[in-house]
Amino acid sequence: MNIFTEPVGVSHYLVVGAVMFVAGAVCMATKRNALGVLMGIELVLNGANVNFVAFGSQYLRPGANIGLDGQLIALFVIVLAAAEAAVALAITLNFYNNHSTVDVDQADELKG
Amino acid sequence: MEPINWHSVFFMLFSLVACGFSLAVVLTSNIVRMAFYLVIALAATSGLFFLAGADFVGAMQIMIYVGGTLVLLIFGVMLTAKGPFINMKTAAGEWILATIVGGSLFVVLLSAATNVPSWQALDERPAEAQVTATRLGMALMGARVDALEEADPVTRRGLSGYLLPFEIVSVHLLVVLIGAAYLARPKKRARGSADSL
Amino acid sequence: MDPVSILPKLLGAAWLIPLASFTLIVFFGPRMGKAGNKAGYLATAAIGTSCALSLFALFFVWLPSYGVPPALEHAAADHASTDHEAGDHEAAAGHESSGHDAAHADAATVKPIVGDWYTLGKFGALQLTIGYYIDSLTVLMFAMVTIIATLIHFYAYGYMHDELHDVVDHEVRLSDGHHLHRPGRFYRFFQYLSLFCFSMLGIVIAGNIAMVFVFWELVGICSYFLIGFYYERKSASNAANKAFIVNRIGDFGMIIGLMALFASLATFNFGDIDYDGNGAIEVAERGIFSQVRTPENHFAIAVPEGMVRATAPGHDPYWMLVIAGIGIFCGCVGKSAQFPLHVWLPDAMEGPTPVSALVHSATMVAAGVYLVGRFFPVFAPEVLLVIAITGCITLFIAATIAITAVDIKRVLAYSTVSQLGYMMLALGVGGWSAGMFHLVTHAFFKSLLFMCSGSVIHACHTNDMTKMGGLRKKMPWTAYTMLVGCLAIMGAGVPFSIWLAFSGHYSKDAILAQALSFSTSNPSLSILFYVAAAGAAITAFYMFRLWFMTFAGEPRDHHIYDHAHESPKIMYYPLVVLAVFAIGSGWSLFGFGVQPLLEQARPAGILAETHGVLLPELVHPNEHTSHIDAFHVPATIWATSTALAGFLLAVVFYGLRLLDAREVSQQFQPIYRFLVHKWYFDELYGFLFVRPVLFVSRRVAEFDKRVIDRFIDNLALGVRMISTFDDLIDRYLVDGAVNTTAGWLYGLGRWFHGAETGKLRQYVMFIVVGTVGLFVLITFYLNSTYAG
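Residue numbers (our numbering), protein chains in the order written: chain A, 1 to 112; chain B, 1001 to 1197; chain C, 2001 to 2788.
Rather than coming from a laboratory, the hints here were simulated on the basis of the structure.
Possibly wrong hints are sitting among the right ones.
[As the list claims (entries may be wrong)] Some chain B residues close to chain A (C-beta under 8 Å, calculated; not the full set):
id	residue
1	Pro-1003
2	Met-1012
3	Cys-1019
4	Leu-1042
5	Ile-1064
6	Tyr-1065
7	Thr-1080
8	Phe-1106
9	Arg-1135
10	Leu-1177
All figures in this text were calculated on a predicted structure; none of them were measured in a lab.
Built from N, CA and C at the ideal position, the CB exists for glycine as well.
Work out the full structure, taking the sequences as your base and the hints as a guide.
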């Protein structure tokens, strides 16, 4: 099977999205730096976006796609990611101002 | 010898870049490098969007994500990038745990992605590419020009535009920006307020 | 001045002022001056005002309006001829001498002023009102009661001064061996005196028998309060209870009489009240008196229509009249301490002496006699016979007991009982004015005697006559006023004079004359006259025994004698005033006197000679008959000689001490013991009533304890066992289940709590694990095909 001649399908995109999603999740789980966690979130959102776009693609699934909905939801996700990034960054900076650190392990006020 | 499917080739290129730099983001512990790798991974993702025919979304990906969100993140990195915070090591145990958990999630996702027959690659291709910006813009304005040819009136009735979600998202964005500005503003001295009391 | 409109106002005010005083003292007594001494002023001022109003009513309203009544001699002279006629009639046929005689005799009678002040409520035929029935008897009683009460208030102000500061009661020993210390109760004494005056005047002025009953009970409760004034003393509280309970027995009979009267006559009113104001008295507006003695029947007693209707067929309605009369008389027996309910009065001497003087000699016990007099028209001849016999027994028993008593107040108490017996006897033999006359004169000299004895007790701090003696040198005022009292009660005086005698002389003469007249008409009952005459001798004997033991001879106890002193002026001035009344209240000078005044109040129709229905031989002679010389002269001679005999006996025993009383008492040991133990009445009642009641109570208590209590106890035990069982179930089953569940949940919470590390990254891990778990679940356990 030659990857240069074979056409790609939705599955391929889904695999890429899965890789990015898992990378983001692992990133969130392992990074102690708050900004690292934020980056993990961006990765997770992107992985999901890849899926949306793939499912709405005319090229990959002509006639059986979800049409413009996929692209539009992807757009919304992008916008929400931007908003989320702004707020999360503000929270991070605030946390940094208060605790003089960006180590999320120090932010255990939620401990039960 | 079959002709080289350039779509597949570029897909492989962008997907490898995206996956590779995503993993790099995970693996490196230097926050500055993480930001840089992320920029590359996201840019590669926008390439994948173009390949999937979502030209407008791909453009937005570059403009908003790479140009806006990540710049914001990098601002954050630069503001907090003091000696001890640049390299924050994670304990090995956590690594192992995260790998196991993430691996199992990946396996689950992979099996789901590859085991559905209708998601497999198709041979035929649509002859021409269509520019999606107009249709998206009209949909956001409330008109689904792409669905005008829809034969089934029941289906067509469900294909209304996205004006209301668009408005909601716009207001949401505004609120978020104001909230972010408020959260990040410099703190006043507590003594001043105590005097005023 | 129109007496019909002014008298109810005057006497009503005189009646209510003591109530105002009582109310004020109840609420503000302790704050009236130092230790409440102003309360004494207030009460005295109130009763003084009442007294002034009453005297005003008597002298400036009644007498000017109804004229000076004819003097006794005139009345007697007027009647001399008719009396002979009546005697002739009697001798000739013994028929009912009614119309002519009665109409003639009633010429002196003044129509009573009757009416209602206020209607409390009207329930069908039952109309409860505050009404008045004013005749010369009412006015006279008002004057008498308020004069005596006023003097006693003054006297009590001196006598009770100990109560102005803290009191050490030497007769009460507390459990720790000390004497009782208590704050003074000066104001409370006057508070009760005011209430008593109000109640007594209420009885006197009452216009209906229901109102009489209310004030009757009020007098009873006042008596209870005042007898128990030193309620810390066991004897005082016992005496108060005894007085109250014994009176209840009499009042029970009175209630029966009230029911009989109301059920048959449908009214409580004494007199006729013109309710619709048309100037005429319809049958429905008739009071009790005119229903029993209707004008149509020439005021002769007859069974009224109502009683005939109310009696079951086949029974004699006359019995109803008898029962009603005896029922009312029962109340009087209790209140006036007549045999067999006389036992409470001597014990009532536990109260302070002013109380004895006011309540238990002159006024309250007089209420019974007054009611008999007031109700006289309703009493059938048979009832009158019961009254006479009761009075006769009482006077004899009480007089004999008084001979041996050594407590100065008890002597006087028995003397009171005896004199009340005289009054009842007089009323019972038909001597209405004689009984009422003796009621008035006795009130004066008996209150005088009591206050004198109070003065002695005040000086000696003991009631025991055997520790006194020779006191006349120490306290001359008391001694000689008391001598006046003794002479008055004995009935000393020049026979057949109109003023050279003490008041008791005239009233006792009248009683004996009527008794003699009655005995002549009813020879089988002549014992009544002889007992009364003997009673006069005994009275004189014990009264002078008292006086000699107290005031004459040598002091028996020098310690007491040396500390004795004359009482303060506020105490002996009233004695002097009362002594004047004791001497003069029997006189009929210048056409005015108590007895002629009473003639104005004589109920219509009672002068007529009446014959018994159930006892046909019973004859009640016309009272005016007793004024003729055939009865009057022997009665006076009897009275004077018996009194003189008693007096001489007392002189022999106690004045000159020619005979030793102790030797005599030892010679007649059984009789002496019998008298000392008061005829064993208390023991008899104790045996007849108290012990059986206690026996039954004990049995009942035992039944209670043995059966009911045991049943309840067992029941309680059973319930307790069930509860214990229930408690176990509750504790181990219900609580256990709840607690175990709660424990599990708590443990679960603790366990989950461990997961709440607060570490963000861990949470992300959980999310991922959860997602994977969900996937696994969907893939392997849910038979889902939508993905394909």
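So, going through the hints one by one against the coordinates:
1. Pro-1003: This hint holds: Pro-1003 of chain B lies near chain A, its Cβ roughly 7 Å from the closest one there, short of 8 Å.
2. Met-1012: At 6 Å from the nearest chain A Cβ, Met-1012 of chain B passes the 8 Å test, so the hint holds.
3. Cys-1019: holds, 4 Å
4. Leu-1042: holds, 6 Å
5. Ile-1064: holds, 5 Å
6. Tyr-1065: holds, 6 Å
7. Thr-1080: holds, 5 Å
8. Phe-1106: Holds. Min distance 4 Å.
9. Arg-1135: holds, 6 Å
10. Leu-1177: holds, 6 Å
Hint check: no violations occur; every hint is consistent with the structure.
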